[in-house]
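Enquirer: Sequence:
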Amino acid sequence: RMAVACPRRTAMPCGALHKKTAPLEVGAIWEGRIAKITDYGCFVCMGPLDEHMGLIHVSTIADERLERDAVPAFVEAHVGPVGSKVRVEIKSLA
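Every letter in the sequence shown is one number past the one before it in the numbering used here, and letter 5, counting from 1, is 5.
Think of the hints as simulated: they come from the structure by calculation, not from any bench. Do not take every clue at face value.
For each label pair, taking beta carbons as the anchor points, the in silico distance ranges come out as [what the hints assert, rightly or not]:
id : residue 1 : residue 2 : range
1  : S59       : V26       : 12 to 22 Å
2  : R33       : S59       : 32 to 42 Å
3  : K36       : S92       : 13 to 23 Å
Ideal Cβ placement from N, Cα and C applies to all residues, glycine included.
Using the sequences and the hints given, assemble the complete structure.
Expert: Here you go:
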């Protein structure tokens, strides 16, 4: 299991982005694709064959608590729809 955070619309230098073949480690910045949006956040697939999956929990992107039914629309508006490319930071690995 992996927890990831979507950095808030900040510009990141290209050198900070790990290649898709780099090992996963806490603090690494990876590029991924939104695979699924749920009522508690979204799942991001990473790696050349989408072999890694992490969760962006809504609490890491929302400033205030949201009702469950409002989360999918919030995630789509602030992170992107399913299939969107995103840059994420690895927060924990289990």
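Enquirer: Hint by hint, say whether it matches the structure.
Expert: Cross-check of the supplied hints:
In this structure the hint that S59 and V26 lie 12 to 22 Å apart at CB holds, the actual value being about 18 Å. Taking 32 to 42 Å as the suggested C-beta distance range, the pair R33 and S59 does not conform, at roughly 22 Å. A hinted range of 13 to 23 Å for the beta carbons of K36 and S92 is consistent with their spacing of about 19 Å.
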